[in-house]
Structure formats: C-alpha cells, structure tokens
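Protein chains in written order, with my numbering: chain X, 18 to 312; chain C, 13 to 283; chain D, 54 to 427; chain Y, 20 to 429; chain L, 1272 to 1532.
The reader is advised that the hints may include incorrect statements.
What the hints assert, rightly or not - Computed from the model, here is a short list of chain Y residues facing chain D with C-beta under 8 Å: (1) T63; (2) P110; (3) Q118; (4) S133; (5) A198; (6) D200; (7) G427.
The hints are simulated quantities; they were obtained by calculation from the structure and are not laboratory data.
A virtual CB, placed ideally from N, CA and C, is assigned to each residue, including glycine.
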Amino acid sequence: MKGVLESLIRGLGNGSVYALLALGFVIIYKATRVISFAQPAFMIAGAVAVSHLAQVTGFYAAVLLSTLLIAGVALAVERIAIRPMVGRPVFVVAIITLGVDVVVRVVVNGFIGLDVRQVGDPWGLRPVEFAGLAVQQRWVAMFLTTAVLVTLLFAFFRYTRYGLAMRAAAFDQETALAQGVSVGTVFALSWGLAGGLAAVAGTFVGTGQGVDQLTWIIALKALPAIIVGGLDSLGGAVTGGLVIGVVESLVQSYQGDLAPWLGQNFAVVTPYAVMLLVLLVRPYGLFGTPEVERV
Amino acid sequence: MTAGGGGPVAAEARGAVPPVLTVEDVGLSFAGVKAIDGVSFAVAPAELFAVIGPNGAGKTSVFNVISGVYRPQRGAVTFLGEDVLGRAPHRIAAMGLARTFQNVELFHNLTVLDNLMLGRHHHFGYGPLSALLWLGRARREELAARARVEDIIDFLELAAWRRHPVRLLPYGVQKRVELGRALAMEPRLLMLDEPVAGMNLEETEDMARYILDIRDELGIPVVLVDHDMGLVMDLADRVLVLDFGRPVALGTPAEVQHDPKVVEAYLGGAP
Amino acid sequence: MTVTRRARRPAGRPLLYTSYSQDMALLDTRAKKVWLGVLLGVAVLSSGLPDDLLILLAGAYVAAIGAIGLNIVTGYAGQVSLGHAFFVAVGAYTAAAISGDPGGRVLGFGITSMLVWLPAAGLAAALAGVVVAPLAARLRGLYLAVVTLGLVFLGEHVFKEWDHLTGGPGVGRPAAVPELFGFRFDADSALGTRAQSLYMLMLVLLVVFAVAARNLARSRIGRAFSAIRDRDIAAEVIGVPLTRYKTLAFAISSFYAGCAGALLYTITGFFDPGSFNLLMSVQFIAMVLIGGVATVSGSIAGALFITLLPRLTQELPALLPFVSGDTTQTPNVFQIQVALYGLLIVLFLVFEPRGLFGVWIRARAYWRSWPFSY
Amino acid sequence: GVIRGDDEEGQKGTVTTGVTNDPCPIPVDRTKGCIYLGTISDLTSGPFAALAVPITQAQKAFWNRVNRAGGIGGKYEVDVQAYVRDNKYNPETHNQVYQEIKDNVLGLTQTLGSPTTAAIIADLKANSVVSAPASWTSAWEFEDVIVESGANYCIESMNAVDYAVETYRPKTVMAVHYAGDYGADAAAGAKIAAERNGLEFTAVETPSGATEQGRAITEITKNKPDLVILTTGPADAAAVIGQSAAAGFEGRFIGTGPTWNPALLQSPAAPAILALYEQSSPGRPWGADTPGHKAMRDALGDVTPSDGYTSGWSWAYPLKAALEKMVAGGDISRKGLLNAVKSLTTVDYEGMLPPEAGNFSGDPDAATFRQTLINKPDKAAPTGVTVVRDFFTGPTAQSHRMDGPCFGKL
Amino acid sequence: MLEVRNLEVVYDDVMLVLRGVSLRVPAGSIVALLGANGAGKTTLLRALSGLLDVHDGEVTKGSVLLDGEPVHGLRPAQIVRRGVSQVMEGRRIFAELTVEENLRVGAHTAARTLAENLDRVYGLFPLLKQRRANVSGYLSGGEQQMLAVGRALMSGPRYLLLDEPSLGLAPSLVGQVRDLVVEINRQGTTVLLVEQNAPMALSIAAHGYVMETGKIVMDRPAAELLADDDIKEFYLGLGAEGAARSFREVKHYRRRKRWLS
Ligand SMILES: Nc1ncnc2c1ncn2[C@@H]1O[C@H](COP(=O)(O)OP(=O)(O)OP(=O)(O)O)[C@@H](O)[C@H]1O
Ligand SMILES: Nc1ncnc2c1ncn2[C@@H]1O[C@H](COP(=O)(O)OP(=O)(O)OP(=O)(O)O)[C@@H](O)[C@H]1O
Ligand SMILES: [Mg+2]
Ligand SMILES: [Mg+2]
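Chain X on its own, in the form it takes in the complex:
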C-alpha cells in the first residue's frame, strides 16, 4: 500500500511536469492549430539556461530569468519563422517547427558540453516525511508550481479577450483578421507563453538527475498527454499530464510483476497505450471540442 502511494506521488510529480509541457503544446495549438515540435528544444534550452545562470544568480532568480529568456527566444522564432506562415496549411508550419527544433537543439547542445549539467535546485533528492510516506521535496515543488501556473493561465484566458481571440484565430484566420483580431499578436502571445512554460518544465526535469543531450526526449511525453486531455483544452492538458504521469509510474512499479508478458519497460509506451484506450471511447480526448460540421 505504502509502495502504491509513493509510486502514485512520484507519478503526480512527473505528471505535473508533463502537464506544464502539455500546456505549452495546447496553447500553441489553440491559437494556431499547430503542434509545435519546437517545444522539446525550448524545454531543454530552459533547463540549460538555468544550469548556467543558477551559478551566478542563484536558483530562483535563474528560473525566472531563463523563463523570460526562453519566452523571448520563442517570440523571436515565432516572428521570424511562423508569422510569415499565417494562413498557410498547418502541417507545413508543423514541419517548420521541427526544423526550428533541430537548430535550437544543436545550439543548446553546445552549451551542455560533455558533462551532465545540474540545475542547482535546492531540493536535491531529499524526501519529506508525509503521513509516513517518503516524498521527494522536488515532486511537491513541481506539483505546487504547476498548480499555481495553471491557475494563473486559466485566469488569463478567462478574464481577457485573448482566450476568445485565440480560438477565433485558430478557427479561421482571415475572418479573425476581419474582426480586428491581430492574428500576429495572438501567435506571439501563444508562443511566448509556451516557451516560458517549457523553460519551467525543463528546469523541473533537470532536478534530481541533471540535464544531458538526451533529456529533450521527455518532452514527447506531452503529446499523448494532450491527446488524452483533448488538443484544445487547458484543463485537459493538465488532466492528461497527470493521468499519464500516474499511470506510467504505477506501470513502472507493478507491470513487471502483474503483466510480465507485456515485455520489460512496457512503461515507456504506456502513455501511448493510455492514449489509444481513451480515443477508442472519446475521439476528441476527454475534454476536446469536437469539430463542428453541418451541411
């Protein structure tokens, strides 16, 4: 039982990182109908930036700076490579983000160098006792930070006109333009936010074990997460992230005993298995809005 709970909490920890990443994807998708494959690069860039800055400014300041920095980078990318594509087929844009990912990652790898880099977080692997359970502090930190950020985002989309503008722009850019929505601004906004979120997520990924040139792969976990939650739903992204994290963690702990025939490390693909199961029941994920069609 204790084991289950601990595994569960680990899942929530990792899950909240997936959730942050998923939010980035969803925000960009909401505004542009594009899945930005550049997110992994921004994530790792954020972590690496922190690992350098932390030595100078200390951890928390470093996270703040790196978040702004990466948001800036994302904005620049959007302006240069994405903005010209307003009104273009989304898959072309998706491939462009892929090219961006390649470029950014090469640059970032240059800053990683040969060694594993440490983000210099204050939590390390220290656990806190918590109702008899040993819970790593960083998981608590991840969970809380995510909660706060999500609340802020929801407030933003709820209480400004940009939430609506994004959906409108995503649905039909030309018409949105005709309503005076500056699609460019909407794009920039979404990329900026997504970049920042990726940076935070990256930092958390770096806690405990550091960052190396392969860490970016973790960002792909967000893809099944956003499908589970529904591509265009912020709430869905969070739910999806947590679900994926928890299921994955439980599978890591128990599949070996319960279902060895699935092969070792089935955990690696559980996110996708979960995704398929959800889609069999709900073609638009848990909270995604169905495509509206009538003739």
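Assemble the complex: chain X is given as a structure, and chains C, D, Y and L with the ligands must be docked to it using the hints.
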C-alpha cells in the same frame, strides 16, 4: 413524360404511378431545438416540388434526413419504394438520390472536371488493382464516364472552367458545378438547396432554365428549396411551406401564395 | 442527354485533343513527355557517378517510394499519418525474415527471391494498415497524427522486445537479400559495381511504383480520396463510402511503405530496431510537404531533397573558413551541418509553402501568361 | 563495369588506397608521405556525443604526436582530420558516410557504436579495412579487421562481480542495464560470474531517460540485492543510485565504464554515489601516472578532463603498432595492414594498458584480454575517480571461454 | 469618405482581377455595388479591409483612401480600428464558438462598448438572442447570415462593408435587413452594399456602381440606374414593358448583354 409539365401533369402522375419519394410524419430535434416536427409529403415522378419557409424552418434538415445525413427521431422516408431511413448516405446516393447544398460543398482543390467525375463514382465497377495498372476496364470505364461528363459540361456551359480548381471560381459558377456534379450521378431524384442564392438575375434565369430542362427533358423529379419567390412560384408544381419545423401549407403556388399564414410567417412585405 | 456527345475541341483549352484518351493520358502534353524523357535519361546516365553517390541516390529512390506511399494517405486522402515508420518497419522485417538465413542468430526462412519477399513485405504492411484504419477513420487531423505517432512508439517497443526477429536494439539483424533469378544486386558483378546494380534496381522500381501511383491518383479511387480530404460529408452524400476508402488509403499507403522498408536496408545490408522512430516518420512527412502535397513527382523531388540535404550541408561549412573542425569547440562543422539541415527546411518552407511543386507551378503560371506580367 | 577502390593507385603520388607519397594536408615534415585514417563518430545529436567528441579529439592529438615524433617508420605521417564524419549513431548514416570516405582512407581510427559498425562490417571485411572500434562490446573479439583495446564489457563486469565477491561477500546480484551490445553484454558477464560464484542473479533492462528509471529503482528497492551492476548512461545512473538510496537502499553499486561522468559528483546523488558506488573500467583514469597518460595530458593541454580522452588515446596504440609493422614489412596496402595486425601479439601502450592487451593473433578466446580495474569516486581526482584495484583478472574471466558475443547469452 | 482610386489587384502574382477600379463612398451615404459573379466585388472589399494577402493577392496600382488618408497596406486590425468593418461573403462565422462568443470576437476592438452593442444586435435579431448559447456552426444558413451581420456591427464601425448580406435570407428577413441597413445608416454608419438582389440594394442606395470583369462600367445615382433599361432587364428582371418576366418564359439561348466587349 414530356415538356410543359405543370400542375396537371404532376397531378395525373400522382394518380397514375407511385411517388418517387414519400416523407411521413418525420420528427427531428437537436438538444431541445425542434428542427423538424411532423412533416409529411410525397414527390411524384417528374414533379417539381418546392419547399419554402423562414430561416431555420427546417428545410435543409428535411434534405439531410432524406439523404441520410441526419437520423430523425420519428417518421419514415421511402425512396423508390424502399425504406431508406437509417441507411448510410452513400448507399442512398447509389440508389439515385442526388442533391446540392446550401453552402456550396464542392471539393475545393479539385478541378471542375474531377468534381463532375466524382458524381459518377458509384457508376464505376473497377477496383484498386486495375486502377493501379490502368488496364482495360479502368481505362474503358473512365473514358465512358468522361464522355457523359462532357455532355453535362456542355449542357451547363462549364467548358471554359473545365480545368480550374473550383475554389477559384466565382460563387455563381460553383453553384452550377454543384448542379453538374449532382446530374453526373444520373439521379432518379434531384434535391436543390437554394440553387440561386447569391446569384444575379441573369444567372438565376439560367439556373431556372436548367432546372426546367432537367425536369422536362430528362424527366427527373426535383425538390427545390429557395428563398427567391419569383423562381419558386414560377417553376414549382406544388409548394410545401414550413415554419418552425411544422408544415404550414401545401398546394399549388397560387394557393400558398395567398395563404395568409404563409404571408404572415414568411413572405412579409419584401420585394 | 439533351446534348449529343462531341469530342470537339473544348472551348478555353489551350491544347487541342481529338479524343478523351489523349486528354486523360498521364503525359497529356508534349512538354511533359519531353521532360520525363530527359529526367529518365539523366537518371540512367548518372549510374556513372561515384559509388558513394549512387548508394545515396539509391537510398533516395527508395525513400521516394515510401514518400509516394505517405502522399497517398496524407496528401491525397488527407489522413495525416506520423506512423509511416511503423509500416516501413513491418515491411523491412517481413522481407528480412523471409529472405534471412534459416540457421542464423535471428528468424529467417531463406527465401531470397525478391519476387517473394517484396510483395510479401508490402502485403504485410498493408495488412497492418487495414488493422489500424478503423480507429484512424474515427479520428480527425492532428488527433490522427499523434495516434499514428503512438503506433511508432508501440512498434518500436515491440521490435526492441522481439529480438528473435529484430536482433534487439544495439545489435540488429541482416536485411533482406536483393536477389532476382539468381542475380545478386548487392554484389559487384559483370554488369557493374554493387552500387550501380542497386542504383538501377531502385530506379526501375521507383518508376514502376510512381506510375502506379499516378494511375491510382487519376482513377475513381484517387478522386474519392481527394473528395474525402476536401469535404468528407459531401463525399459520402454523393456516394463515397468513407470508412472503406480511408481503409483503402491506409492499405495502399502502407503497401508502399512496406516495400520501401524491405528495399531500404538491402542497401546497407543491416538494420537496427532503433531506426524506425519518430524522426523517420517526420522525414517522410517533410518529403511530402517539401515536395508538394498530392503530387507524385513532388514526393520524388522531396525525397531527393531530404536525402541529399545532409550531403549538401556537409560541403557547405567548407566554404565558411572560420568554423573549426575541432569537435570540442562550438560551433564546429558538425554542429553547423545539423543546424543547416534544420535551417534549410525552415527557410525553404517559409519562402515556398507549397513546396518544390509550388515553385514549378509559379514558373509555369508565369510562363503561361507570358508576355503579360500578370 | 569498373571495380572501384584501387584504381586511384594509378594516380600520381598514390601508393595505395588512402596512402600517398605527397605530404599530409597539415604536415610536420613535407618530405614524408601520408597515411589517411577515417573517423566515423557520434559528433552531434546521438546518444554518445558526450563521449565521442573527446575520443575524436584525443585521437587527433595522438596521431599529431606520432607525426611529430617522426611519423610511421620515418616514411609516413598519419592524417586523421581529412575524413571525419558524423554518424548521428544511425546505421544508415554510418554506412552512407563510410561509402563516402572509404576510397580515400587506409583504415578507420575510429568507428563508433556496434549497430553502426555492424552496418559496415561486411564491407570492412570484404576490403580488409582495419578499424579501431569505439566501444568495448565482446563481438569485436571475433572480427579480424577490428582492433579493439582493453577488456570488453562482458569481461569487465565478470571482474566487477568477482571483486565484489571478495570485498563485500554479496548473496544476490542484480544487473541494471540498457538493452543491446553495451548493456546486455555487461549483464551477461555479470550473470556468468554470478552463476560461477553461486549468487542469486536477476537482470533488469532499463530504457534511457532519467524519468524512465522508476522501474529500475522499484526493482532495486523491492528486491534489495547486495550488489547492483549498473550499465547505463551517467544521468540515468545518477537517477538510479540517488533515488534508490533516497528510498533507503544500502547495497553496493558497481558501474561499467561508460556509466561514469565526473559531473555526477556535482549531482544531488553525489552523497549516495560516494557512499555506495564504485566503478569498473577497462583502463586507468585520466589522472593516472604512466608515460602514456602523461603524454596524453601534455598533448591535450587544458581541456576539461574526461576519460573519453583516455579511451580515445589508448585505442590508437594498436593501429600505430600495426602501421609501423606494415611499413617495416614493406607491403603498404590494406592487406598488408591486416596481416600486420594479425601478427601482433603485444602492443606498447606506454603503460596505459598491459602489452598483452594488444594481442590480435591466434583464436579469439586466447587473444581476449581479461584485465580490468576498479575505481572509487574521489572528488579530488580530475575525472572524479581513483584506482582502488589495479589491473586484475578475476577467476571467472580467467576460466571463461570466449566462444561468441556475450550479449547473445543473457 | 471612403475612396478608391484606380485600383489594380493581382492574385498569385499573375491573375489581374481588378483593372483600375475607382469609386467613392461619401460619409453618411449608402452606396450599392452590383455586378455579375466573378466581377471582382469581393476582391474589392478584400482590398478595402486589407485581407488580400491572405489570398496571395496584392494591390499593384492605385490607392484606397479613408477620410483622405491612404489605408491600403495597413494591417486589417488597424483598418478595423479606424472604423471599417466587413461582413464577409459566405458568412464565415466561427462555427466552433457559440453565437454570443462570435459576437464578442466581433467586439474585439471595442471592448468598452461591448454591452450596449450586444443589446443593439440582439434587438435587431431576436432569433440570435434565443440561440445565444448554441454552437453557431449548427445554425441554419439564414441564422448564420444574421450572426455574420450582427458580428460586424459589434465593433461599432463608421464604415460598414456588406458582401451580399441578403444571401440566403427569407424574403421577410431580406426586408428586415434592408430596413436594418437604412437604420444603421441613419444611426450614422456609412454603408457600401454589395448585392445580387439589385431591387433591394437600389431601393435604399443613394448611388450605385455596376462592375464587370474588374472594371466599373456604370456609375450613376441609384434612381437613374433604376430607370436604366439595361439595368431593368439584366438586374431587375423587368421586361421592356416594365412587368416582371416569368422564369418560364426565359429562353436558354437568350442574348447576353455585356457593357464592354
Ligand atoms: N446539426 C444540428 N445541430 C443542432 N441544431 C441544428 C442542426 N441542424 C439544424 N439545426 C437547427 O435546426 C433548425 C433548422 O435548420 P435548417 O438548416 O433545416 O433550417 P433551414 O430551413 O434550412 O433555414 P435556412 O433557410 O436559413 O437554410 C435551425 O434552427 C438550426 O439551428
Ligand atoms: N484567391 C484567389 N486566387 C485567384 N483568383 C481568385 C481568388 N479569389 C478570386 N479570384 C478570381 O477573381 C475573380 C473575382 O472574384 P470575386 O470573388 O471578387 O468576384 P465577385 O464579384 O465577388 O463574385 P461573386 O458575386 O460570386 O462573389 C474571379 O474570377 C475569381 O476566379
Ligand atoms: Mg437551409
Ligand atoms: Mg463575392
């Protein structure tokens, strides 16, 4: 069935041969909205039957029910003597039901030619393999189909646009292409949803002409929905008027035109 | 019909045809015939190129077969699939297993004839396609994309676990043996070097697959695919069964993918389950988009572009004196190579979103309206 | 059709494929000819870039030193910079770039990775292209054209287990390893050793990716083995060791060579590592005091120490020996080089490895080198480790018969 | 005043669609623009509201002046802020948003006056009020058309460009829309009305333009146009003797009148 087919012809037809299409007490609602509420009518062979009514009255919904896009909660739809309720749209189409759409639903990236050829889809018999190889059968059938399509292109005067992607065509031409696509299906019944909406007079007159030719010379019965009263009242043999999904009146143009309910619900005092 | 059928010159057509069969021919214009002739000529002649280039091009041709396949399901039928790598893998392993050495470390049945393993690979992949289609048919746009991506990851897992078939990650297995009527294409022979034989083989196969695809595209099936892509409701209402055709699209596309997979590794002679990953799928998508959606010639161009790009970027840094070959410094040539790869893709698509095919269209449109500049 | 590969011999200045009478592009002595060696390594985006980069750099320095010391047999200098290619750790790419350079090089001073090298091994054999691998998988013992240096992973972990048996008397051993030529090879060695010592053995295959280590950690903390043989990458090692310890695990870890990275001592897992971890390796670390190590450190100047350099440097010795033998023998050709290799029984590693490590003659079992070391983490040491047990051969390795790659046996 | 001077528009760098169009929409007036399909009316409106580049179109010659300042080349959002708002051809509602959300987007540039504009639109179209919470994509064609018009009013524009607003509306509603346009205009909004329903358009417009294949071919006060024989025949469908023609009389091979050619 020959030209000039006005009311009497249709009436006589109604007596003589069984109707092509019958709709009985159909009811359809969406999350509270009653789109259709107890609509019944029958279309006789070679009849030109019109459905009119205010916006949101349920005209398009009726079309969607008949062509299998919507599944009504109650009622029955019989086409060529078969009950088609709940059949997949493509099977109903294969039976010979063709329609056009209110907002042009063409295949935008395809040329006029391909759009028309697609109308003939279910007339082809060859399969993937002979398609890949383009041997005998595929080639033969494609050529034959092309010949029929060219007739329609001539008939609708689309020759000039033959190779244009339809998305670049002016609205009016697109409407004509859609009509052509429906004709290419060699339908037993043709349903037109607002064929002249957004057309100027000239084009409206042409469209009227085409509709009459289709009915008179090809003997294809037509169900017509439009808001252009001039057109409807001139062409239709009979008119069904809907309001809020309910039938308000059914009769010859002359009858419904002066029906106070219709005037009040629909016509208003507009030009 | 009221109007009698006439094979007359249609108004508004610049070219005169005396029969529909001419008008509907694959190469309906003289220009196309000439161009194709020239291109094929060049392709054949280039078998005189150095071996390493031939190997590269042979690979590009195989990739083109795969890209055409992806274009069928994604370009024509509009079902965006990131799962292509999976179907490629199915083909690769089917072929490798069939032609593999029965006594060997990994599964093999020792039937080396291409006539057996190539179709088998295609069919196995097609079958896989048919299996996933029902789920795919319910999904739209990027949902489908990510699900098919999931297919790649699940597949990767299976292939890594099933080491009796694949040899396992980091170890791998020998690929299918390209043997036809006793002739080995993967060995130097009287007819030419290994590279030359492979090159010609792939060239011929590419032509076959490309022509077949063009035929498909202009057939009722190709049209039905495009109809589904453009407006599925309308397609169904005019008589196109959606699910059946989506399934068909996946099947045919996967068949192409399977054959491509079977052939691809005969060139290296060896492959590893790690190869069939997201990157591969993405590269196929890139080929399709860069080449131009829903065009066979585009897919080929795209495949050449993507496959040759790394080679190109290898040469470029040589022109930039300031970058060092010292691998410990940043930036060094190798990093620049990778960066250029990404950069060129971005630039290209930003400036010509319709892909190489778009370039061609522009050029042609301009030519058509010459001498008027509009 | 033309058979390519040797027609360059016709060209002026060319002695044989990859050898010219003209000086090297960057010559020390213009009067000498040039032997070209290729490098195919994981230089940018692949999983082993962090090791591959220093390896490549070290070999550049190594041959540079050879050239300054008068080159090969006073006749030739060696160039390893003209034909360096990036394989991105992808077999197809590896094969492509190999095709590109193969007609310009005599041999390869580095071909990194097993699946990648497997994608060219057929061609290497067909054209007897002698190559030095950048990996210690046991498969290389069975390939003539491959000149590996230092014991393979399989032997290394046999010795690791034997060492632990002496030192900690474990009852249970668990191998936590990546799949394939690296991880499985080591795990197999551990298994063999465990069986020979009558220990209870379990193997846990783990994927790469720090967040993927959950299962490994659970297995460790659940089964509490006395000894864990760890064969992963550094970041994952940190995750496994750190979090197992955090969850109260107190058994010993011994990691295989590439598992280590000095930066681990800056990671949160550092305390756990210092307490529980030791590291086996096929050679002495950067800081070791031998003529070879010293030469390397001088040659490389002030780089961040990494045992990638150490490995890269030591791997080059056998090729140097073989080249000298070839030039002395006079048959300057790929065949000549291969024969030279086959006749090598010892190689002077300037103390980095025992001379027997360079035995490439006779049958694999006899030729296999079976000595490895054990190091312990040490914040003071340049690459974070110091030797606790110098070159030794454990009883298992001693008696084990090399009759095929180990990873097949897990 | 909204003024177009000798405007030339090209699509895809090659298709010349507007060939030197000039027209003036005096402040406070209603101006009607008639023309066959494909004449270039929509293109002209796109040029006015800066939406050309979305369609690979560009202004190659001439200028668009809003109160004397050139506005072509401004971004659409800027143009809207200056009080020009368009009802696009074919409704183009945001199908996935509810009716009210659509209207809110329309008010993107006029957040302050949101509430009052909302009431105003609901006042004009009670049907929309009923459906305010429905997903707009499921509305009937006509309902969507109302929504499109309503949405354009949400930005409280000074200049309203209407592209076939009566398209697909029931006769009674066409009447309403006409009265609505008059009303809007009375409230001080200048209107450029593109219509196929010529009788309706000319009955309320002060001035009318007729466009053919990218050129303005008639430019007269609406009253004169109504009296013009060609217009009578080809836009109003009145026979020479002034009585409405029956569609049944229409001859298929009827001569086609073209002002130029
Ligand atoms: N798929 C659907 N989901 C929800 N409501 C629908 C759907 N289809 C139609 N409706 C509703 O049903 C009613 C009838 O719609 P329908 O399109 O049939 O009207 P119509 O008579 O065609 O009107 P118009 O003349 O404007 O086209 C409308 O109020 C519409 O909102
Ligand atoms: N995006 C585009 N690319 C190329 N050509 C176009 C494009 N949009 C329109 N055209 C062409 O420009 C011409 C004018 O089109 P436009 O839509 O302006 O006509 P219109 O007067 O609005 O017709 P309608 O009354 O049907 O709306 C047409 O011939 C059309 O084919
Ligand atoms: Mg309708
Ligand atoms: Mg228009």
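Going down the list of hints, with the structure as the test:
With 8 Å as the threshold, the beta carbon of Y/T63 comes within range of chain D, its nearest partner Cβ sitting at about 5 Å, so the hint holds. A distance limit of 8 Å between C-beta atoms decides the matter here; for Y/P110 the minimum to chain D is near 5 Å, and the interface restraint holds. For Y/Q118, the interface hint holds, the least distance from its beta-carbon to any beta-carbon of chain D being 4 Å, beneath 8 Å. Checking Y/S133 against chain D by beta carbon gives a least distance of about 6 Å; that is within 8 Å, so the hint holds.
Among the interface hints, the one on Y/A198 holds; its C-beta lies about 5 Å from the nearest C-beta in chain D, closer than the 8 Å criterion. Hint status for Y/D200 relative to chain D: holds, with the closest Cβ pair at about 4 Å, below 8 Å. The interface hint given for Y/G427 holds, since its Cβ lies 7 Å from the closest Cβ of chain D, which is under the 8 Å cut-off.
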